[in-house]
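*Asks:* This is what each chain is made of:
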Amino acid sequence: MKSRTNIGKNIDWWLVTIYLAMVLIGWISIYAAVYDEDHKSILDLSQNYGKQLVWIITSFVLAMMILLTDTKFFSAFAFPIYILMLFMLVAVLIFGKEIGGSRSWFPIGQFSLQPSEFAKFATNLAVAKYLSSLNMDLKKLKSVLRSALILVIPSLLIFLQNDTGSALVYSSFIFVLYREGLPGEVLIIIFVSIVLFILALLVKPVWVIAGLVLLTVVLVYLSRRNIRNMAILVLILIISSAYVEGVSYGFRHLLEPHQQSRINVLLGKDTNLQGAGYNVHQSLIAIGSGGFTGKGFLNGTQTKFNFVPAQSTDFIFCTVGEEWGFIGSIAVISLFVALLIRLIILSERQRSQFSRIYGYGVVSILFFHFMVNIAMTLGLFPVIGIPLPFLSYGGSSLWAFTILLFIFIKLDSYRLNVL
Amino acid sequence: MIRKKAYENRKVVMIGIIILTGMVFTIRLFYIQLINDKYLLSAANNVLRYMTQYPARGMVFDRNRKLMVYNETAYDLMVTPRLVHKIDTLEFCHLIGITRDEFKKKMIRARNYSSYRASVFEEQISKENYGYIEEKLFKFPGFYVQQRTLRKYPSPIAGHILGYIGEVSPPEIEANPYYKQGDYIGKSGLEKSYEEVIRGKKGLKIKMVDVFNREKGNYMEGKYDTVAIPGNDLYITIDAELQAYGELLMQNKRGSIVAIEPSTGEILAMISSPTYDPNLLIGRVRSKNYNMLSTDTLKPLFNRALLAQYPPGSTFKLVDALVGLQEEVLTPETRYSCGGVGATPIKCSHNHYSPLSLVEAIEQSCNPYFWNVFRTIIDNRKYRSTTESYINWRELVMSFNLGKTFNTDMPVEKSGNVPDPAYYDKYFGKNSWRSMTIRSLSIGQGELLVTPLQLANVTAIIANRGFYYVPHLVRAIGIEGRIEVKNWERKNTRVSSKFFYPVIDGMSRVFDAGHGTARYYRNDSIQMCGKTGTVQNPHGKDHSIFLAFAPKDNPKIAISVIVENAGFGSTYAAPIATLMINKYILREFEKPWFEEKILNTNLISPN
Ligand SMILES: [Zn+2]
Chain A
4 MKSRTNIGKN
14 IDWWLVTIYL
24 AMVLIGWISI
34 YAAVYDEDHK
44 SILDLSQNYG
54 KQLVWIITSF
64 VLAMMILLTD
74 TKFFSAFAFP
84 IYILMLFMLV
94 AVLIFGKEIG
104 GSRSWFPIGQ
114 FSLQPSEFAK
124 FATNLAVAKY
134 LSSLNMDLKK
144 LKSVLRSALI
154 LVIPSLLIFL
164 QNDTGSALVY
174 SSFIFVLYRE
184 GLPGEVLIII
194 FVSIVLFILA
204 LLVKPVWVIA
214 GLVLLTVVLV
224 YLSRRNIRNM
234 AILVLILIIS
244 SAYVEGVSYG
254 FRHLLEPHQQ
264 SRINVLLGKD
274 TNLQGAGYNV
284 HQSLIAIGSG
294 GFTGKGFLNG
304 TQTKFNFVPA
314 QSTDFIFCTV
324 GEEWGFIGSI
334 AVISLFVALL
344 IRLIILSERQ
354 RSQFSRIYGY
364 GVVSILFFHF
374 MVNIAMTLGL
384 FPVIGIPLPF
394 LSYGGSSLWA
404 FTILLFIFIK
414 LDSYRLNVL
Chain B
393 MIRKKAYENR
403 KVVMIGIIIL
413 TGMVFTIRLF
423 YIQLINDKYL
433 LSAANNVLRY
443 MTQYPARGMV
453 FDRNRKLMVY
463 NETAYDLMVT
473 PRLVHKIDTL
483 EFCHLIGITR
493 DEFKKKMIRA
503 RNYSSYRASV
513 FEEQISKENY
523 GYIEEKLFKF
533 PGFYVQQRTL
543 RKYPSPIAGH
553 ILGYIGEVSP
563 PEIEANPYYK
573 QGDYIGKSGL
583 EKSYEEVIRG
593 KKGLKIKMVD
603 VFNREKGNYM
613 EGKYDTVAIP
623 GNDLYITIDA
633 ELQAYGELLM
643 QNKRGSIVAI
653 EPSTGEILAM
663 ISSPTYDPNL
673 LIGRVRSKNY
683 NMLSTDTLKP
693 LFNRALLAQY
703 PPGSTFKLVD
713 ALVGLQEEVL
723 TPETRYSCGG
733 VGATPIKCSH
743 NHYSPLSLVE
753 AIEQSCNPYF
763 WNVFRTIIDN
773 RKYRSTTESY
783 INWRELVMSF
793 NLGKTFNTDM
803 PVEKSGNVPD
813 PAYYDKYFGK
823 NSWRSMTIRS
833 LSIGQGELLV
843 TPLQLANVTA
853 IIANRGFYYV
863 PHLVRAIGIE
873 GRIEVKNWER
883 KNTRVSSKFF
893 YPVIDGMSRV
903 FDAGHGTARY
913 YRNDSIQMCG
923 KTGTVQNPHG
933 KDHSIFLAFA
943 PKDNPKIAIS
953 VIVENAGFGS
963 TYAAPIATLM
973 INKYILREFE
983 KPWFEEKILN
993 TNLISPN
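Which chain is which? The protein sequence lines are A and B, in order.
Quick note: the first sequence uses the numbering used here, first residue 4, plus one each step.
Quick note: the second sequence uses the numbering used here, first residue 393, plus one each step.
Hints in this document: simulated from the structure, not taken from any laboratory.
Glycine residues also receive a C-beta, built at the ideal position from the N, C-alpha and C atoms.
Treat the hints loosely; a few may be bogus.
Subject to a maximum C-alpha distance of 27 Å in a straight line, what follows is the list of computed DSSO-like cross-link-like pairs (lysine-lysine) [unchecked claim]:
(1) K806/B <-> K933/B
(2) K145/A <-> K403/B
(3) K54/A <-> K608/B
Not the full set, but computed from the structure, chain A residues with beta-carbon under 8 Å of chain B [unchecked claim]:
(4) L287
(5) S292
(6) F300
(7) T304
(8) G324
(9) G328
(10) S332
(11) V340
(12) V366
(13) F370
(14) L383
Pulled a few chain B residues facing chain A out of the computed Cβ check, cut under 7 Å [stated by the list, open to error]:
(15) R402
(16) M406
(17) I407
(18) I410
(19) G414
(20) F417
(21) L421
(22) I424
(23) Q425
(24) L426
(25) Y431
(26) L432
(27) K599
Make a model of the complete structure from these sequences and hints.
*Replies:* In structure tokens:
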């Protein structure tokens, strides 16, 4: 095989460069977040930045290994890898170690591995494999339900590990399905449901329903000549009213108090800065105090002195915001936007349907993480713990994101060989 | 390949969503990083701790450079209840050496004061424990150690002079923004009047702390820190040894001694009895002891030397004589006869040969003689009315700094009283009072009031033959190793120097002549001059007064002694004054027969 002897050929260096830049920014931020005078060596394995350096180097090795693997391997073994990962997710529920309230870790020596991180690329492979099969049509309910099943199983298993954030990631595949022919109405329905969801929590359900009734009356009046449309409108009213009532009930009776308060903080109903609002408040202080150019490398006081919780994992963006200011924050956001757009462009140029769908899966997963993580640190979204890809501290997530991305780079490098 | 193209333009929706998200984030960042500055302030509140550096208060040395006041560092354990979080109470109690119940009580007390502000949890930890506790304190968020300086007194004397310090009161904070809650300020004595000199200047250290309130170094490498400047030392005029001896002599007596070096106005000793041990008003015991002292019926906190006002009694005859001589209605040769104990309008205290000359009248303290002197001053034809001659008399008397304050370096001081003519106009009616009406002034009674300090100053004026330096307590201030001597104003009386000699001759006869009222206390090695006084006290036994200076030529010490409820001036005040003069001039001297008698006398609770 040609590519085995020359792995650099046909590789998209834009993606690789952006990847390297992000990993570097991530490492610098982790170093800044935990830096103190006593631990100056960058290879100090007792410190997070020392460990992260090990993760980065091993990620490079993984990336090389993927680039050396035969392209056919990924599509041929998509389902076996997926099945294997599901077993891992079940196993971690039984044998796993609980860290920070989530039973999602396998202890390996002094490190821990998190199968839920790896489940993402495995699921992406399975989705790509299934959707690229010949008799697939997402206009048919059967196809939609089957692809949904592939997504729901890992999501449910991860939810059982009490890792809500990672479970929600699978909802991002809606974009993949949309690109592959899911009717546009579905996206609209989802959008409306989210709006109603927020309204149901923000104001009393009675008022939401009253508003819906009013809207329906107006619409029914406008379409008074069409009996069928009127019936559909009334049906929609009944369904959405039930939905609003259900959301409100579920919020009050099914969610645990800490989850309730997190949502309340976001909706502006809870201003207790010592309680659930503390994280977001401190995060905003750190970023906000960065100003235009930031406080400079290693001069971030809020992050360095641990005012921001989880500052090298989920809140890594705070360090960027505090030490590098508006300029640095915009740079990181631009990198993500560039990476995602580049991935879409590359996906669209794939001849193989499998590669294209896989590429969109990468976009969906990375976009979800990017959007939710930054929105959370900027106080625009509830605090649900998911890492910022390539920047956050953590071996499992860095490895998993590296694999996710480099499988696509490999697939892309081989696009011309596919007929 | 056909299906691929089918939905290709849906990528536009995807790209649109991604760019939109990026824009929302940019706008949000623009708002929180560039527009809203609330977060910048919150960041400072999070991290910066402004720590006051308290300077060491200046020390106090006596005239022989003997240390009288110094500082000792004490450590208070402070607590901010809100920050106390998940601590191991048992370990903490063990560390501090208190029981769990005490811990609970102290926490409740602190919380009642404030949850957000620090208050004292445990006062004055010993220096040894401090090091040990400080090391472990990081385990107990909400607690920290605050340094304080305590005043220490090597010998328990001069409480009234030195004064004490205490926490600033709200009005004091309002009056001067330098002070903050919890600062110390001089409350009385020199601590008060020299507060700004000896307090130094507070410094400020800006420290960074982490989320657990652990120190993380200086903010900006200490660029904005200011160093505390230690207070200046005071070199005071007091002779500690003389002061201690005076306090010893005055124990179990009520009254006061003031000794002045006439040539400088320096106060050598200033005793108010009963007094108190200044060590009682330090630190954690201060408020308890203060309450005890302030409710004591003997008023140990009351500084009699500056605040008690007595009629001068017979000692005022010296001023009568000087004013008479200056007004030329009296010469040293002027003689008046005396009818003894039956004399009118003022009777004499005893029978004696008659008539007497001026020096003899001083020696024997003859009342009718000085009534005649006073009468000739007031009834002088030179003046058109009694009021006019009285005003002149009053001005001459007040040139001895009677009836007014010195405005010197003591925080409190009474002016005494030399009645102004309006007082008599009001009391007797305008122009309807004569020398006869106010005759008791001639023997230092009536409305005349003086403080012990004023009496000592009158003595110093006589010793100086007509002038005085404003009596004061501080001779010099030590500023950064240099000693800066303070200059004090010299003032002249309106009586010419030459008129003092006959009066001084009379005062020396008080010790030396056969009828001298202090003849029992004479000392062959020092030529002393004095004058007794007995002040009628409507509330009990008469007060005993004695003025003296020595030696007669080139005087080194002028002294006033008042012993309340002690009877004749010659009984207690004269021997005490004599002993003080001996002590100051001779240092070591053969104890005269009356020293032990004085030491053993208890006039407060005699038994
Ligand atoms: Zn007589």
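*Asks:* Does each hint fit the structure? Answer for all of them.
*Replies:* Here is what the structure says about each hint:
1. K806/B <-> K933/B: Satisfied, since the Cα-Cα distance of roughly 24 Å is no more than 27 Å.
2. K145/A <-> K403/B: Between K145/A and K403/B the Cα gap is close to 25 Å, so the pair holds against 27 Å.
3. K54/A <-> K608/B: holds (24 Å)
4. L287: The hint holds - L287/A has a Cβ within 8 Å of chain B, the shortest such distance being about 6 Å.
5. S292: This interface hint holds because 4 Å falls under the 8 Å limit.
6. F300: Not OK, violated: F300/A not within 8 Å of chain B, min 16 Å.
7. T304: holds (4 Å)
8. G324: At 7 Å from the nearest chain B Cβ, G324/A passes the 8 Å test, so the hint holds.
9. G328: OK, holds: G328/A within 8 Å of chain B, min 6 Å.
10. S332: holds (5 Å)
11. V340: With a minimum Cβ separation of about 4 Å from chain B (threshold 8 Å), the hint on V340/A holds.
12. V366: holds (7 Å)
13. F370: Interface hint status for F370/A: holds (6 Å vs cutoff 8 Å).
14. L383: Cβ of L383/A sits 6 Å from chain B, so the hint holds.
15. R402: holds (5 Å)
16. M406: Holds, about 6 Å.
17. I407: With a minimum Cβ separation of about 6 Å from chain A (threshold 7 Å), the hint on I407/B holds.
18. I410: Holds. Min distance 5 Å.
19. G414: holds (4 Å)
20. F417: holds (5 Å)
21. L421: holds (5 Å)
22. I424: holds (4 Å)
23. Q425: Because about 5 Å separates Q425/B from the closest Cβ in chain A, which is inside the 7 Å limit, the hint holds.
24. L426: Since the shortest Cβ distance to chain A is 6 Å, the answer is holds.
25. Y431: Holds - the Cβ of Y431/B comes within 7 Å of chain A, reaching about 3 Å at its closest.
26. L432: Since chain A brings a Cβ to about 5 Å from L432/B, closer than 7 Å, the hint holds.
27. K599: Where the cut-off is 7 Å and the nearest Cβ of chain A is about 11 Å from K599/B, the hint is violated.
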